[in-house]
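Participant: Fit chain B to the given chain A structure using the hints.
Protein chains: 2
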Amino acid sequence: MMRHYKAYCFDLDGTMYRGSEPIQEAVDFVAACQAEGKGTYFITNNAALTRTAQQKKLANFGVNTEVDFIMNSATTLARYCKQHFEGAHVMMIGEEGLREALELENIHITTTNPDVVLMGLDRQVTYNKLADACLAIRNGAHFLGTNSDIKFPTEKGLVPANGSFLKLMEVATDTKPLIVGKPEPHMLEFIRQQGMYEKEDMILIGDNYDTDIMAGIRYGIDTAYVATGVTPMEEVLKKAQQPTYLLNSLADWLK
Amino acid sequence: MMRHYKAYCFDLDGTMYRGSEPIQEAVDFVAACQAEGKGTYFITNNAALTRTAQQKKLANFGVNTEVDFIMNSATTLARYCKQHFEGAHVMMIGEEGLREALELENIHITTTNPDVVLMGLDRQVTYNKLADACLAIRNGAHFLGTNSDIKFPTEKGLVPANGSFLKLMEVATDTKPLIVGKPEPHMLEFIRQQGMYEKEDMILIGDNYDTDIMAGIRYGIDTAYVATGVTPMEEVLKKAQQPTYLLNSLADWLK
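In order, the protein sequence lines correspond to chains A and B.
Under full-length UniProt numbering, the first sequence has 67 at position 67, and the numbering climbs by one with no breaks.
Under full-length UniProt numbering, the second sequence has 201 at position 201, and the numbering climbs by one with no breaks.
Hints are computed from structural coordinates only; laboratory data are not their basis.
Since no wrong hints were added, every one of them can be taken at face value.
Not close to chain B: a few residues of chain A, all C-beta gaps over 12 Å, as computed:
no., residue
1, Lys82
2, Glu103
3, Val236
4, Gln242
5, Asn248
6, Leu254
Cross-link-like lysine-lysine pairs, in silico, BS3-like; alpha carbons within 27 Å at most:
no., chain 1, residue 1, chain 2, residue 2
7, A, Lys129, B, Lys156
8, A, Lys238, A, Lys151
9, B, Lys38, B, Lys255
10, B, Lys151, A, Lys129
11, A, Lys151, B, Lys129
12, A, Lys151, A, Lys56
13, A, Lys176, B, Lys176
14, A, Lys156, B, Lys129
15, A, Lys176, B, Lys129
16, B, Lys151, B, Lys176
17, A, Lys151, B, Lys151
18, B, Lys129, B, Lys176
19, B, Lys176, A, Lys151
20, B, Lys176, A, Lys129
21, B, Lys156, A, Lys176
22, A, Lys199, A, Lys6
23, A, Lys176, B, Lys151
24, A, Lys156, B, Lys176
25, A, Lys6, A, Lys255
26, B, Lys129, A, Lys129
For the chain A half of the interface with chain B, some residues (derived, Cβ under 8 Å), not all of them:
no., residue
27, Arg123
28, Tyr127
29, Ile150
From a predicted model like this one, the values you see are computed outputs, not experimental measurements.
Idealized CB from N, CA, C, for every residue including glycine.
Isolated chain A (complex conformation) (with noise of 0.2 Å):
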């Protein structure tokens, strides 16, 4: 049975939304945690949107939340960015999402010498701007991406995600990006200091095992894996390292 929790952090797509059709049951496991009092936030690897965009989306399928309660990889990498190159040049490749979360931290952006250079899917991206970015890290600049999901899903089938821009710019810098998305597991981080939590009274419910699940894992707090998207129960259960938890739905949680 389930432990009670202080703070209960929701993967989005495939936990408490397929595309742009709601999950009911999480979307109503949300509204119970928030009637008692629990803190909900809403963690995604999705650098494209703003905060305020999600929000509404979220809106929309019944679920409410302050902006400060979603933690997407564009918001974590300018935190991060933040703090480890204080003061520092930053060339983006992103889209709204990113530009507006490095904005509200202040951070000078730049198209030319920069010190860092920071990559998000950006589906008006051209080679110039690729270019730029290989030339900027060959010289030195540190490179960092908000994600490495190499696709995902759209109502014509899977394309390309911002991961698969990651691997083009591997390769062709030889140098590795230090990525802020889970699995790895600064968002978590940034929400245990935004709520002052300690790590037993937080968990992470999603989704995809890889992604989601090792987030959880890797940073030290319960899990708990739900069967409404990315990864298939049997192949969850085949895993050396389990969720804390292995659910159908939240409608487990309701009764």
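Facilitator: Positioned in the frame of chain A, the structure of chain B alone reads:
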């Protein structure tokens, strides 16, 4: 000392010129071969330039050749595609060199539902072109590339070449492309067919061990390494498979 051959196959960048500077010993050696009535061929992984543009570039350096003696990875890919996928509808990512090569072979170019995806360096590439190619390959289209060079030099430094983009597409589609450029031997085979040579009548001359020399070794013809470009002599000397000849430059053969 050098045997005599009927067909001399010269790599271009690093062998005939470096960027915008001719390598005079090579220019003189080509003229000497031509004066003796030998076949001189120019082989390059560059798929962006048309053969006519390449011919002009060589003429500016004092090298005269008919277009038919220039073999680039775009022409090779178009011929390969014609031979193996007769009548196929083809999606292309690439520049003018590839487009012209496909048109010369009367290959049907499409942007929807292709049977084959052909990929060469495209400095006007967009996210949508990459996503469409990814979806087509995931739907079963054959996936071929001009060349797998990861980067190429510019006056600003090394920038991503077609191999970097092929890597992006390979991870996004879980499919390895078939490559026709060096070190694959397809260009040499087309030269052999064109001139009706025996393999022992052919020699490959190049500066890059991993692409040029390996293409010759894998195809089974004699090879001459020249120390005027990418691979340093001391690195070549360490290789298990040695070129037939090791030259500081083609001046060694002009005496």
